[in-house]
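Undergrad: Residue numbers (the numbering used here), protein chains in the order written: chain Y, 1 to 467; chain G, 1 to 467.
Don't read these hints as lab results, they were simulated from the structure. One should not assume that every hint holds.
Unchecked claim - Derived CB-CB ranges, DEER-like:
no.	chain 1	residue 1	chain 2	residue 2	range
1	G	Gly280	Y	Glu21	34 to 40 Å
2	G	Arg421	Y	Ala168	58 to 64 Å
3	G	Leu350	Y	Gly94	49 to 55 Å
4	G	Thr357	Y	Gly173	45 to 51 Å
5	G	Gly285	Y	Ala415	56 to 62 Å
6	G	Arg55	Y	Gly249	48 to 54 Å
7	Y	Arg439	G	Pro123	24 to 30 Å
8	Y	Thr93	G	Asp75	50 to 56 Å
9	G	Thr357	Y	Gly63	35 to 41 Å
10	G	Ser4	Y	Gly63	51 to 57 Å
11	Y	Ala168	G	Asn7	22 to 28 Å
12	G	Pro347	Y	Gly63	22 to 28 Å
Computed from a predicted model, the values in this text were never measured in an experiment. Where is the CB? At the ideal position from N, CA and C, for every residue including glycine.
There are 2 protein chains.
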Amino acid sequence: MDFSRQNATPDTVKLLLELAEAADLRGKVDALFSGKHINSTEDRAVLHPALRAPREAVIEDAGKNVVPEVWAVLDKIKAFTERVRSGEWKGVTGQPLTNVVSIGIGGSALGPLFVHTALSTEPEAMAQAAGRGLAFLANVDPVDAVRALHGLDAERTLVVIVSTNLKAVAEFGIDPENAFGFWDWVGGRFSVSSAVGMVPLSLHYSFPVMERFLQGMRAMDDHFRSAPLQDNLPALLGLLNVWNSTFLGHSTTAILPYQQALQHFAPHIQQLSMESNGKGVAIDGTRLPYETGEIDFGEPGTNGQHSFYQLIHQVSSHEELMCNFFAQPDALAMGKDAATLRAEGVPEHLVPHKTFTGNRPSLSILLPELNAFTLGQLLSLYEHRIATSGFVWGINSFDQWGVELGKVLANKVRAKVQEARSANRAVSAADGFCPSTVRLLNQFLEQGQTQAPAPGAGPSFPPGLKQ
Amino acid sequence: MDFSRQNATPDTVKLLLELAEAADLRGKVDALFSGKHINSTEDRAVLHPALRAPREAVIEDAGKNVVPEVWAVLDKIKAFTERVRSGEWKGVTGQPLTNVVSIGIGGSALGPLFVHTALSTEPEAMAQAAGRGLAFLANVDPVDAVRALHGLDAERTLVVIVSTNLKAVAEFGIDPENAFGFWDWVGGRFSVSSAVGMVPLSLHYSFPVMERFLQGMRAMDDHFRSAPLQDNLPALLGLLNVWNSTFLGHSTTAILPYQQALQHFAPHIQQLSMESNGKGVAIDGTRLPYETGEIDFGEPGTNGQHSFYQLIHQVSSHEELMCNFFAQPDALAMGKDAATLRAEGVPEHLVPHKTFTGNRPSLSILLPELNAFTLGQLLSLYEHRIATSGFVWGINSFDQWGVELGKVLANKVRAKVQEARSANRAVSAADGFCPSTVRLLNQFLEQGQTQAPAPGAGPSFPPGLKQ
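Construct the entire structure; sequences and hints are all you get.
TA: Right, here's the structure in full:
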């Protein structure tokens with residue numbers, strides 16, 4: 001991790017470490033790892049690190065060691081996924097189950113999708129997944145369902161449903177033996193290393209591959225918990241994040257992985273960061289006098305406009321990618337000044353257009369290679385980066401009350417739309433909507449339902465062609 | 001388009017229209033449509049609207065009507081794609097060409113991919129694409145090549161290459177008759193409606209479907225050119241964009257389509273907007289005293305955390321989506337105050353955490369349905385929104401000098417890496433790199449090449465399963 005191109009001097013880092021001390025960062029990290037109810041608004045522990053703790057670890061929630069429960073579930077996942085993968089456990093018609101569809105909700109789907117995409121071209125993971133398929137169905141759009149389910153052979157498809165409603169599971173007729181436990185001390189956005197991610201991903205890539213992913217996360221957890229703050233990667237990332245957003249006013253960060261396999265990294269971190277740290281009040285309920293949070297966004301930095309033709313003639317594509325990765329931080333830092341442009345003979349009227357001030361902060365992370373272990377490290381690094389920023393800002397990064405508001409209003413819209421439709425009437429201010437919403441809703445009711453794909457119809461990809 | 005929830009009063013809109021007049025917005029729009037060289041730093045016209053002009057239109061660049069050339073290319077695309085689609089034009093081994101891989105560079109690939117995904121579940125487009133496949137290969141990452149080419153039957157696959165190098169095309173042995181013209185007055189990011197998008201998309205969805213897409217774009221072009229500014233959708237969007245970013249300091253805009261098929265809309269608009277309006281100098285080269293540009297980001301708003309369970313029991317999934325679409329603007333505008341929370345019996349210590357100030361500006365666009373025509377309208381709406389903002393800011397939205405800087409530095413990195421590797425030496429400050437880059441580069445050189453997928457190896461999706 002190279003942060004030499006931040007707008008920060010060694011003095012800045014020293015001051016940030018003092019800020020960390022003043023905010024009791026170390027104490028808060030210890031409280032996290034020791035099962036204190038640091039999610040105080042929901043009176044919950046925040047123990048996603050326990051999901052990847054070693055078997056012999058002791059991590060207590062309300063006086064009870066949770067690690068044996070975690071390992072009971074992991075052992076069950078291992079046994080179950082090996083039976084399915086070996087073909088011993090078959091579908092109802094006797095076919096081996098080679099396809100998995102995981103149905104989950106937004107918060108718990110982006111993370112597993114990120115890991116799936118990152119491993120899908122890693123040699124060992126690929127070998128383990130040969131002949132198998134995995135798809136995620138994560139939202140209510142019929143178009144997405146068509147996409148995820150299209151072309152699946154039902155006789156060879158196992159469906160994983162993310163649900164904590166064990167009563168409904170039993171009522172639906174599913175053997176509770178085939179349910180995998182989950183705890184209220186794991187937030188949806190931190191659930192990749194729980195059964196939510198481990199069941200579908202182990203079915204696809206094998207438990208041993210996913211165990212290395214957990215080991216990578218654990219390695220970074222240990223580092224976060226024990227390394228001195230001045231050498232602590234997630235702590236430094238989190239402090240620099242506070243520095244950039246709160247002190248320098250940089251409200252957005254672009255995350256640009258130079259590997260296409262990491263294409264879902266930025267969206268996952270975006271959700272993780274915004275849901276965690278998009279808070280305007282301190283954990284004690286007082287309104288904060290400074291800006292928190294940041295907007296993370298990004299696309300793979302590999303859509304190389306410039307580099308495509310070079311590639312064809314000159315170097316391997318991997319090296320081409322890396323040349324761009326090494327060049328961009330200097331381009332951002334140094335820019336290009338008018339004197340250099342004039343020396344290059346750039347016509348005077350173009351000089352201002354080609355002048356770049358530079359001094360744009362960036363930070364580079366170089367992995368030795370992308371595999372299950374380093375992927376685990378990377379994800380844990382960012383989980384703890386976000387926790388660090390939240391600890392320093394003094395907010396609760398682990399609740400998400402803002403999500404509720406839209407839900408309540410959507411329920412109201414739903415009830416009124418159904419009421420209006422069955423009474424064949426328009427909605428009005430009397431239904432409690434503002435004039436803008438009344439107008440939009442009536443336009444929608446008049447239009448009737450817009451097109452939805454016919455049942456059974458799907459986009460027509462020939463075998464092997466993906467969108 | 002409902003902009004009643006902007007932080008703007010009717011007076012604001014009046015003042016923005018005066019600003020438009022002061023910036024000669026109308027004159028600049030006329031200059032765009034009449035082929036003036038408004039991309040002055042490159043001395044080029046900006047005529048992407050000519051790509052979808054009616055056959056009888058007259059649009060001149062340097063005294064020459066370009067519309068007949070545009071239609072000559074469209075007629076050629078129509079004839080070519082119909083021959084391929086009908087099976088008359090076959091591959092070298094006599095197989096019909098049912099798969100298309102389009103190889104292009106970033107700027108010209110995101111747009112066609114956006115249109116492809118948006119049409120892939122639209123009933124008529126789906127019917128036209130039955131049994132056919134289309135994939136885009138847009139970057140230099142070997143992993144992406146593996147993904148795009150995996151499982152393709154070479155005998156049934158036609159490759160489209162985006163290149164303006166007609167000499168290389170002929171030298172490579174491709175009949176120039178099978179090259180489709182492109183002009184320097186179309187920027188890569190505005191090239192969806194040129195041969196860049198029209199060839200692969202017409203091969204997949206048929207020319208008539210794509211002609212309706214062009215007609216949709218044309219309808220919005222006509223509206224932008226002729227509607228009075230106070231009723232002009234792209235002009236109002238562009239002015240509100242200036243209002244939000246320059247006057248109110250909102251530097252980011254979330255684009256949240258409530259339809260999964262629009263999942264590539266935000267990334268395409270992000271690139272279009274940032275490359276066009278991320279400029280710090282006015283078109284005359286003077287440094288601007290105010291902030292321009294904005295960061296557009298977003299994911300489909302359909303990953304409905306809240307709505308999944310409701311859906312299963314209550315309403316159609318399309319309606320569920322729409323209930324969320326109608327609810328969010330009011331949630332953002334109204335928020336929720338402490339008095340309401342107390343009246344609902346929320347415990348006092350949770351009140352500040354559940355209080356939301358509201359007053360977050362939003363803007364809603366409701367399409368009657370998503371089809372090729374409305375998709376064309378939507379894209380043209382945003383192209384012209386971006387042009388409007390650039391006209392009012394007084395910048396050149398149509399050049400992209402910033403892209404060059406990274407390219408030059410990447411060339412330098414590439415040369416030095418190759419030199420060091422063949423001499424089996426480390427790089428050093430003597431190679432002209434800063435200490436940070438020296439350190440990163442030597443780490444990379446020591447590591448050797450990280451893993452790339454073995455040739456021929458690919459992720460193993462069973463037929464019909466997509467990532």
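Undergrad: Taking the hints in turn, state whether each one holds.
TA: Do the hints match the structure? See the list:
no., hint, verdict
1, G:Gly280 to Y:Glu21: 34 to 40 Å, "38 Å, holds"
2, G:Arg421 to Y:Ala168: 58 to 64 Å, "60 Å, holds"
3, G:Leu350 to Y:Gly94: 49 to 55 Å, "53 Å, holds"
4, G:Thr357 to Y:Gly173: 45 to 51 Å, "47 Å, holds"
5, G:Gly285 to Y:Ala415: 56 to 62 Å, "58 Å, holds"
6, G:Arg55 to Y:Gly249: 48 to 54 Å, "52 Å, holds"
7, Y:Arg439 to G:Pro123: 24 to 30 Å, "28 Å, holds"
8, Y:Thr93 to G:Asp75: 50 to 56 Å, "53 Å, holds"
9, G:Thr357 to Y:Gly63: 35 to 41 Å, "40 Å, holds"
10, G:Ser4 to Y:Gly63: 51 to 57 Å, "54 Å, holds"
11, Y:Ala168 to G:Asn7: 22 to 28 Å, "44 Å, violated"
12, G:Pro347 to Y:Gly63: 22 to 28 Å, "25 Å, holds"
Of the numbered hints given earlier, the model fails hint 11 alone.
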